[in-house]
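A.B. asks: Each chain, letter by letter, is given below.
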Amino acid sequence: MQNIKKKIELSARERNDLIAAENRDFFKGRGIFALNIIGSPGCGKTSILEYTANHFNGNFGVIVGDVKTALDSDRLIQSGHKNAYAIETGGGCHLTANMIKEKVHEMDVESIDYLFIENVGNLVCPSTFDLGENLKIAVLSIPEGDEKVRKYPALFLRAAVVIINKIDLLDVMDYDIKRVKADCLAHNSKVKIFETSAKTGKGFDEWFDYLRDQRRRR
Amino acid sequence: MHEFALAQDIVETISMKVTEDLEKVSNINIDVGAFSGVVVDSLDFGLKIILAEKNVPGVKINIVEVPTIARCECGEEYEIKEIFESCPKCHSFDRKLISGMDIVINSVELVEE
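Chains A and B are the protein sequences, given in the same order. Under the numbering used here, residues 1 to 218 are what the first sequence spells out, in order. Under the numbering used here, residues 1001 to 1113 are what the second sequence spells out, in order.
None of these hints come from the bench; they were simulated from the model. Watch out, some of these pointers could steer you wrong.
Unchecked claim - Okay, derived cross-link-like pairs now, BS3-like style, lysine-lysine, Cα gap no bigger than 27 Å in a straight line:
1. B/Lys1017 <-> A/Lys5
2. B/Lys1054 <-> A/Lys5
3. A/Lys181 <-> B/Lys1089
4. A/Lys6 <-> B/Lys1017
5. B/Lys1017 <-> A/Lys7
To be verified - A few chain A residues that face chain B, going by a derived Cβ cut-off under 7 Å, partial list only:
6. Lys6
7. Lys7
8. Arg15
9. Cys125
10. Pro153
11. Ala186
12. Ser189
As the list claims (entries may be wrong) - Stretch by stretch, here's where chain A covers chain B in the computed footprint (C-beta under 8 Å, at least three residues):
13. 1005-1011
14. 1081-1093
15. 1096-1107
Backbone N, C-alpha and C define an ideal beta-carbon position, used for all residues, glycine too.
Here chain A stands alone, though its shape is the one from the complex (with noise of 0.2 Å):
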């Protein structure tokens, strides 16, 4: 009998990673860019989806996923979206590289320059399993007040870009824009912040022009 020690330093994410990887380079073969949307449920992350979708028209896909239902998959395809999939993760917390990788497999993927796919309302989960994504997003709102930065660091920190929404109740609400970006730029200085309205529509010509400007550089 002996004891052996095998040093082996792989990640924990190595099985997520390994896919996550798969799909950036099906998505690179294809000349897709991929976004992880990741917010607070009901910060307005179907809402952006679907004004964005509506920009972009016929070369957009999303992905939605939620605990239960396909509600949102349901509301973008009703307003002409067809390439919209829902994931159910019945319970689960947060989406996975696997997830993505069968779902896109149900997806018409040649028509598409874009994938959004809009994870599990939650900051924290979320936030650190790949997907194979060019670029992960962080939504914020107005209404929940401007101190989500400071108490979620694990998505701030990873975040390549930060959009605040609803911007439109900046005047009617108490909430320090200038405090919250101050707080973006320490978890990430090179963080890339937008705000915006998907009701008045406010940043989001912006928002298009860095989509496609971030697409053409892959």
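Based on these hints, arrange chain B on the given structure of chain A.
C.D. replies: Just chain B, lined up with the frame of chain A:
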């Protein structure tokens, strides 16, 4: 809540990369980064349940928390305990986090006949 999923992945990874015979495993040594987003107690709890389920409840789990280290644009490397700690040398937030963001299965100890 995602600790249980990670615990499952850890056990699967060990089965695939080290040994399918989990009865040979005596210790699993895991490094958890301070900013990995993982609750150590929950991960430990999840691993114990899964290992018991696999009929190897005797496996010892050692989880070590490793610090998060940032490299500032000025070149200074420093440990971050709180996000709002800027570089001790130049006070900048322009930094890259170079370790302490992940969960790593550091090593597995096996008892061989």
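A.B. asks: What are the numbers of the hints the structure violates, in ascending order?
C.D. replies: none
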